[in-house]
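Chains as they are written, first to last, in full-length UniProt numbering: chain Y, 1 to 358; chain E, 1 to 358; chain W, 1 to 358; chain R, 1 to 358.
Bear in mind the hints are in silico, worked out from the structure with no lab data behind them.
Each hint should be verified, as a subset may be incorrect.
If several chains are the same, the list does not tell them apart, and a pair holds so long as it fits within one copy or across any two.
Claimed, not checked - In silico DSS-like cross-links for lysine-lysine, where the CA-CA straight-line distance does not exceed 27 angstroms:
(1) K281 - K98
(2) K39 - K174
(3) K322 - K281
(4) K191 - K34
(5) K34 - K98
Everything numeric in this text was worked out from a predicted model, so none of it was measured.
There are 4 protein chains.
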Amino acid sequence: MASTWGENIKLSIFGGSHTEAIGVVLDNLPPNEKIDMEKIRVQMARRAPGKDKTATTRLEADEPQVLSGLFNGVTTGAPLAAIIANTNTRSKDYSDLKIHPRPGHADYTASVRYDGANDIRGGGHFSGRLTACLVFAGAVCRQILERRGITIGAHAYAVGSAKDTPFDPVNVSKDDLNALNTRFFAVNSPKAEEKMRAEIEAARLDADSIGGIIECAAVGVPAGIGSPMFGGIENVFASILYGIPAVKGVEFGAGFDVACMRGSENNDAFYYDENGLVRTKTNNAGGILGGITTGMPILFRIAVKPTPSIGREQHTVDLTTKTNADLTIHGRHDPCIVPRAIPVAEAAAALALMDLLR
Amino acid sequence: MASTWGENIKLSIFGGSHTEAIGVVLDNLPPNEKIDMEKIRVQMARRAPGKDKTATTRLEADEPQVLSGLFNGVTTGAPLAAIIANTNTRSKDYSDLKIHPRPGHADYTASVRYDGANDIRGGGHFSGRLTACLVFAGAVCRQILERRGITIGAHAYAVGSAKDTPFDPVNVSKDDLNALNTRFFAVNSPKAEEKMRAEIEAARLDADSIGGIIECAAVGVPAGIGSPMFGGIENVFASILYGIPAVKGVEFGAGFDVACMRGSENNDAFYYDENGLVRTKTNNAGGILGGITTGMPILFRIAVKPTPSIGREQHTVDLTTKTNADLTIHGRHDPCIVPRAIPVAEAAAALALMDLLR
Amino acid sequence: MASTWGENIKLSIFGGSHTEAIGVVLDNLPPNEKIDMEKIRVQMARRAPGKDKTATTRLEADEPQVLSGLFNGVTTGAPLAAIIANTNTRSKDYSDLKIHPRPGHADYTASVRYDGANDIRGGGHFSGRLTACLVFAGAVCRQILERRGITIGAHAYAVGSAKDTPFDPVNVSKDDLNALNTRFFAVNSPKAEEKMRAEIEAARLDADSIGGIIECAAVGVPAGIGSPMFGGIENVFASILYGIPAVKGVEFGAGFDVACMRGSENNDAFYYDENGLVRTKTNNAGGILGGITTGMPILFRIAVKPTPSIGREQHTVDLTTKTNADLTIHGRHDPCIVPRAIPVAEAAAALALMDLLR
Amino acid sequence: MASTWGENIKLSIFGGSHTEAIGVVLDNLPPNEKIDMEKIRVQMARRAPGKDKTATTRLEADEPQVLSGLFNGVTTGAPLAAIIANTNTRSKDYSDLKIHPRPGHADYTASVRYDGANDIRGGGHFSGRLTACLVFAGAVCRQILERRGITIGAHAYAVGSAKDTPFDPVNVSKDDLNALNTRFFAVNSPKAEEKMRAEIEAARLDADSIGGIIECAAVGVPAGIGSPMFGGIENVFASILYGIPAVKGVEFGAGFDVACMRGSENNDAFYYDENGLVRTKTNNAGGILGGITTGMPILFRIAVKPTPSIGREQHTVDLTTKTNADLTIHGRHDPCIVPRAIPVAEAAAALALMDLLR
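Next comes chain Y alone, as it looks inside the complex:
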């Protein structure tokens, strides 16, 4: 169902880039959970635009206003609702898009889907701005999950040809993730960040954009979470991760690399560690067997396509004259979505885990 998600929690997201506000409702949270608004702001700031040259220079006041669900800073068990006002919007930039759909955007498909009634200003309900709601909701869940010993973190795994040091699938630790999960443009290796920034700057100077991959880990998730078939960790994670605009691939553990692997190499051998806990020597499974957690770190990667809004002239159609046309998109856009999408991936993981653990 479009903008509602979850089986055990219910997430409902609304709004568009240029509506009065965007917002989020999160139902069935556990009661009596203290929520630190400052921690939420930290996460929202990581996603907010205007940081540096890797992102659009638009300034958005992403201050969430909680309308319900908290009393004296504590969850009441009733739906938690928050809105974020839309302020710095330039509606004139978008006047042309009903006629000339932008390649790589949802302008055309939304127009067919909604008989032309879709609010196209700033991408409307398809705007990446809506991920602010995911980050808000995820930031709430992360605080609850942390109290249950679960830590989530992500980094820019690749931007163009530049690659970061991947997580150690077996030993990635809470500390590793905490070192990442409050940073903007989180990476494991500072050198990788340099190279990535160079790729992004090159794209920007070319009036172009560049794609990338985000890797995310969750540690502290106990064994036995998830269900077979359609209730598996992978199913639940993918069902929300593909809700992040621009994601075109999701893989877990060794992911697509399993294609080249032998079973003897891919199988993760079980052993008892010094504390008498069952662990695996490798973690090609990404912490998931049969859809259910093994107790090892959960690991996934998402492929993020290059921002479709680019400054170069592109070929498109004129939907009124039914002829081919050219389009130059003006306005400010992110040359690379990856840095700002990192906290979104973490938030989605937090929501997925909250849903699975309720």
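Chain Y is fixed; fit chains E, W and R onto it per the hints.
Below, chains E, W and R without anything else, positioned relative to chain Y:
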């Protein structure tokens, strides 16, 4: 929810490898749809084991028995239910697994999840045998979709290092897919099949297994199907595709390759074709923008891990003595799941489209 | 799931009596539907308090603020969200309720359910005030349904021993319903209203309250809507009607009177009317057979309990000292909920039909 | 969704009166629950026809065959599936119904809903026979609930004008319910049974049928179960109870009698009992406040319409000639459904509680 799937149709799958039967219920199908049982048998035979050396030599009588939902071969609108009896089972092969969980299998995670009550015989409800139910249900949906002009087909895209010719993302046709979608070990290039069979045979002779990738296409899906956010084509497809055991990655269109692409390269330019239809010159989007179909072929790939059951000795644990242990799995197993999983991927795509189009 | 409802539309309601705002999100509405805000205000005014002596004298500014989903007054297909600010709240009235739960209210059960974290001010998320959100969402749906030829209306069927003239189950017309569905304290017979007002005034003067029954009809619903078993009209209607606080019974058509009826009397004989349409001579079925509409008027009644907040001293417990206690509730309360609940019942019916028709 | 039900458990029912079998799948049951098949047979026998003159003399071999979900008589956590073969069917009795829809039956509405494709033999998927699946699934849940201290029982509250002694809303006990819940034609007062049997016999001799009311109680349900708004006990119970064919009303506690009550009378005063537990002196709430259990007995009643199949000539239409027609239904039918529906109501209550407690 574990073994139930779908928003507009409802799929419910039950049974285990060694229960009396496995079965499937499919609710909310359109009425008055003629269902050809012979076409269903063709699909089920493609998945059934015992074909050749690429697969287990177990023989399973995968004859579905329809219990309800059809009257004189036509859908009544009431739930369509079918069961497949379990016959050729060797229960003695599995007696040890409660104590020594097989690496790469769900034995350990299921045991934690279900407090040891899980039926471990043949993998129980986690068995790949359950995909017979998916193929049955998908084969029903495919006949309905074909009447609406939609054709689905898939091929072995990679097995180990051997690669098949990929689909032409723009021009893959109904005929291309029909040439594949009744074959066992479907490939676009006969040479690729040879190489793939060699990889599989090498693995088999090593008492090992090998992974691969399946590529699937659906043509004839009209533009405007799907919804934003969590109701997108990618979300719905992934939520069922990850229900196929052994799938560790799902990607659409250019998939993970978008990481290295510039926006100017990845964006698919729109144009009007000779029939006045909007099309795109490339199809990196895999036929999906903003979660909604563009009218171009839908394209996705799934990563299939190597069969975890291998003949080699492996390291595991003894859950009773809480010590490390070695395990040698006897019995007959597929050295590569890819050939038999091809019709399963097609079936999952059919179910996803049926759900989206209802 | 608590505060989310619907299979084909998704309704999400949030807020409490004394939170910053209450609000509602309605996803999957059809696009291109013009929504007249003035008609929404008419419905909300019918539910708003402060009308006359039958209702609480509290004044609530029930002005909905639409945040998204409409563009130039037309549905975009994206989630429609609206909030209603909470203004005239007297928090001090409710300070005692955590200790002394009010009989007939959710204070005690919510406290157990939410480990004492529930926001008890004004009943919190259990407050009848939340029905303003139902009325808003229903008023949106009614405008869409009217364009499809469907009209909904309700009246006070009973208040205490005073009874109104019931709807003619066979001939209740669009005009009959339109004469009711914009009025406060809607009744078919003015004499009945007089008697009902007398009952309410008597209760009010006794510092007490009185219950009643609301009868609701929907005309113009085509035959063939609904599904067997759990997808029936009755199931869907009841699942939302019981979301109205104070409802303790729901019946359709002849309802509980069927207990005393013979089959020969209860069965509604089919016949062809002058327009060649299948109709029934009686309508004991309330327009529903096998969960599916017959094309005759849909008829249901809901039992509304007397307002639990009364001025009289009542027996309760002290949850801190674990002793019995007495409680006198101060503040302003409705001596009878029935008049204000009429538009809520209509709204729930509209939402149910919208869900069934999507 | 038609024939699927539940949020935390998933119930899926399939089959028709004359299909090869009817069946049920129950997903997400807790593992490690011992299920006594004999207890299930006791419940199914209570619903089975052919007992005495109050019921149809058809003989149905309602022997459930478990296909999966149990291993050595214990739940595995995987979906529990069972089928019941259809044997003693007289297809010829129903040949006329596509043309002449039976008044009070779903023949006409199903025909419109499913474009004439519905399997009309014996009512198809709308047949009361499907309640055997509810009884099976409920009997499984009752065994699990009993281990958690919850007991369910019901009785014939009314048949025509004959009334049984109602449950004591405050003191109805586990023993009271156990005295009822294995009996056929369960009543509290033997005299009431006599009068009810007389009403049924009179209807039968008139080639007619008679309606009634069933009252059901559940004791031992702890306080704090259920949720506000649409997740309330009443919503969940009603959503499954209306899945029982012939139910036209559902009420809780004082139900429709609240219409005539003052708040001072209807409010249930809280007090501490001798064990320090919060209880209420009366139980007009039927154990539910704000949708959440109080810990007092849950009480509800359902109105059961007279069997629509009667021997008398009735008026209907000829759907082929589009003219009015007369119809005489042959075959064997229950003059009153109430006795056989008692275990069905109990089963539905058990399923609802299982869903709420998971």
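Taking the numbered hints from earlier one at a time, note which ones the structure violates and give those numbers from smallest to largest. Checked against the structure, the only hint that fails is number 4, while the rest are satisfied.
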